[in-house]
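Undergrad: Order-wise, the sequence lines are chains A and B. Under the numbering used here, the residue at position 402 of the first sequence is numbered 402, and the numbers go up by one with no gaps. Under the numbering used here, the residue at position 173 of the second sequence is numbered 173, and the numbers go up by one with no gaps.
Everything labelled a hint here was simulated from the structure, so no lab data went into it. From a predicted model like this one, the values you see are computed outputs, not experimental measurements. Just so it is clear, CB atoms sit at the ideal spot from N, CA and C, and this is done for glycine as well. Among the hints, a few may not be true.
[Unchecked claim] Simulated crosslink set (DSSO-like; lysine-lysine; CA at most 30 angstroms straight-line):
| hint | chain 1 | residue 1 | chain 2 | residue 2 |
| --- | --- | --- | --- | --- |
| 1 | A | LYS405 | B | LYS33 |
| 2 | A | LYS47 | B | LYS155 |
| 3 | A | LYS175 | A | LYS47 |
| 4 | A | LYS293 | A | LYS405 |
| 5 | B | LYS134 | B | LYS33 |
| 6 | A | LYS405 | B | LYS149 |
| 7 | B | LYS189 | B | LYS155 |
| 8 | B | LYS155 | A | LYS376 |
| 9 | A | LYS47 | B | LYS104 |
| 10 | B | LYS189 | A | LYS405 |
[Claimed, not checked] Just some of the chain B residues that point at chain A, by a computed CB distance under 7 angstroms:
| hint | residue |
| --- | --- |
| 11 | ILE47 |
| 12 | TYR54 |
| 13 | ARG55 |
| 14 | GLU59 |
| 15 | ARG63 |
| 16 | THR116 |
| 17 | SER119 |
| 18 | ASP122 |
| 19 | VAL125 |
| 20 | ASN159 |
| 21 | THR210 |
| 22 | ALA241 |
| 23 | VAL242 |
| 24 | THR269 |
| 25 | SER273 |
| 26 | ASN276 |
Take a look at the letters that make up each chain.
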Amino acid sequence: MVCTVNNIIETLYNPEGRFRTLTGLTLEDAQIYDPVFSYGGAIVSFKVWWNHRPYWLKCFLNRSTISEVALRRVAAQVMSMDTPYLVDYQYWGNEMLIFDDLEQPRYIDVVLMERPEGELLSRYLAEASDRQDRKGIDRVMRAFCKLGAWLLGADVVHGFLKPSNILVTPTGQLKLLNYERMQVPSMESFRDKINEDNMAVANLALGLKVLAASPAAFRALNGNSIFRTPVLRTTLLPMLATLSETTGCRPMCRIVELLMSSNYRLQQRTTLISALDALAEDDTPITAEEVSKAFTPLRDLRDGGLSRSTEPQDLSRYDEVSPVSEALRAVEWNGLWGYIDSQGREVIPLHYNWADDFREGRAVVRLDENFGLLDKEGNEVLPAVFESMDWFPEYGGVQAAYDGKVGLFDRDGQEILPMSYDWVGPMGPLVLVRREGLCGYIHPNGELALPLQYDDAYDFDQQGKALVCQQGRSFYIDMKGNEWTSATEEQPQEEEELVLG
Amino acid sequence: MYSARISRSNPILFVILIDQSGSMEELTRFNGKLIPKSEAVAMTVNILISELLYRSRREEGYRDYFEIAVLGYHGQQVVPMVGDAGHLFMRPSELAASELGRVKLEKERRLPDGRTMISVVDQRVWIRPYAGDKTPMYAALLKAYEEVKRWCQQKNHHNSYPPVIFNITDGEASDGNEAMLMELSEQIKGLSTGDGHVLLMNMHISSDQTTRPVIFAASEAELPDQRYARLLYQMSSPMPAVYHENIRRLRGIPGGEAFRGMSYNAAMTDLISMMNIGSVSVNLMDN
């Protein structure tokens with residue numbers, strides 16, 4: 001039955017007889033009934049101690065979301081590699097006894113991940129930027145470039161590189177954490193995914209270089225969102241190009257060129273590795289003023305620069321005030337919405353009936369009953385003629401409906417998907433669509449992948465399977481449309497039937 | 001449909017309606033002990049709230065992935081059991097700061113090696129039990145309809161997973177006849193977000209362990225020959241396919257497609273399982 005976090009917590013506070021091998025495992029602060037843990041991706045991660053060493057204990061609530069075989073392979077690969085950049089990662093199948101919500105006992109799989117002393121890069125940067133620690137961030141930037149160069153040349157793809165998956169130890173050593181999306185050579189998909197870390201590595205290296213020159217940029221650029229690919233894609237890259245050119249920082253120039261010339265699907269690993277090696281050793285001086293100047297196009301920087309401390313504004317004159325998003329605030333007075341900047345100036349007049357927050361330089365607004373899309377100057381990127389409009393971060397654009405049909409537009413108002421479907425699902429390797437009561441799947445470029453023949457259908461999961469219903473029957477399909485009886489089945493039904501036949 | 005990912009900008013809404021009529025004072029078995037149904041139900045809802053809260057917890061703290069209203073009904077009243085009349089829908093960040101206390105739950109566990117151990121769980125408490133007077137279920141469903149309708153109409157909920165309403169009861173409505181309840185439940189089930197219709201789950205519980213419980217009935221033929229069982233079946237939502245695998249596992253019967261979100265004569269363990277299936281089983285908060 002359903003395994004819950006409550007079930008796992010019960011075991012961890014009553015561990016006697018509950019572990020096959022990890023006996024003696026204890027929760028950090030076990031005397032207080034408030035376990036230190038976090039949750040995400042159907043994985044609950046607890047801070048624990050075992051054999052006098054600190055670990056994260058990762059418990060998997062749902063086997064179908066994470067492949068047991070893949071995790072075993074990742075653990076075997078990680079434990080065989082002698083590198084300071086990875087931590088111990090041990091997979092223990094059928095290890096921990098829980099009692100499910102029907103009070104039935106069963107063993108679940110766990111991973112024990114080493115927990116070295118240190119802090120996550122996300123938190124380190126927040127604190128270092130607040131104390132204007134340029135040297136500290138510079139050291140981390142150089143260490144990251146070395147880590148990145150190592151990672152791109154190693155036999156692993158991390159698959160989920162971000163500041164909260166990188167640890168900074170007290171000695172300044174960086175370590176990668178959380179390998180659930182890792183790809184290793186023993187996996188069939190490894191070759192296809194070998195370049196998956198490239199964008200994130202390039203993005204992090206450039207972001208850290210900027211922060212090392214101007215720690216204040218961390219807060220001014222909305223913290224760790226500086227490392228998000230959509231932000232890089234839509235906002236930061238031109239400014240990074242300006243900064244690298246004006247300062248003459250050649251390794252930065254090289255990485256920016258790689259990003260710009262690759263349509264954001266960076267595949268030149270060898271070139272990127274040498275640029276990272278060069279950036280790790282580069283001493284081109286970059287000043288906070290140069291960063292501020294290069295980033296001037298960002299509205300929040302234009303109003304005073306990166307080191308400006310924002311004065312509190314008098315917002316009492318408005319009936320509703322939204323949080324600041326991309327340096328602008330949606331505000332409402334007397335039923336009409338518009339936007340103000342950090343100094344309280346109305347930069348987009350209050351004449352909309354509703355206004356959403358800005359995302360990637362665009363905001364959805366409603367005029368009477370119709371929705372449109374604005375840029376930060378208040379120009380209509382898409383006119384207010386649509387019945388509904390929602391920002392889709394996965395697309396970097398909006399999903400809009402007109403005359404009952406849904407289509408997709410990019411942030412410049414260009415059509416990605418024509419308005420011919422009744423419903424379009426979230427972005428994935430294949431996108432779920434529905435028309436006239438039947439569901440099917442399209443490629444992200446709009447081409448039909450699987451015909452509209454299902455009465456109901458769901459998104460593809462991480463194992464590449466999707467639950468569908470057809471003529472009263474539910475079953476799983478893979479991305480070629482082959483039928484499977486369950487999400488975790490090893491062979492498709494058709495093949496099995498062929499063998500049996 | 002029923003595939004929207006839950007996020008802070010697209011949260012999910014749960015509404016739990018709890019029968020607090022006098023019959024809820026009857027004893028039922030919960031964690032091996034006989035306690036009033038009102039206490040067992042309150043503890044079950046506390047367990048569900050803590051589970052939802054746990055699943056909203058990230059490295060930096062709680063994220064507001066869901067909103068929840070818990071409404072008790074007794075006499076002629078429908079009363080909020082978390083939050084207040086002016087603020088019915090509570091978010092994780094608010095729930096985390098508003099627990100009323102903790103109670104120690106003891107559970108007897110038989111380990112695979114044959115030993116019997118007592119597990120002690122420190123359960124967080126948000127709602128307290130109450131039992132007395134009549135069963136104004138119609139008024140409770142009407143309140144749920146009005147609040148959920150308002151929630152669905154908000155522009156920023158258009159892309160949200162459809163709200164899920166759990167109605168936990170041990171008896172019949174004292175304030176509405178069959179036709180009124182059917183009409184209202186159809187109106188509730190007709191509410192929707194862009195991702196599908198609202199799910200209404202009616203969970204009838206019983207302390208009589210000699211009666212056979214019906215869980216997620218796959219057809220009316222599974223029900224006992226009782227008018228009220230059929231009414232609850234008809235009032236309840238057909239469960240979308242994404243829930244079917246877990247429902248089949250809970251029922252222990254292979255096959256079946258047209259499951260209704262209902263139970264009749266369910267025990268407390270069934271209630272916990274059903275609420276877990278209706279809330280956390282589809283891993284919607286797992287991004």
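Undergrad: Give me the numbers of the hints this structure contradicts, sorted from smallest to largest.
TA: Violated hints: 1, 2, 4, 15, 16, 19, 21; rest satisfied.
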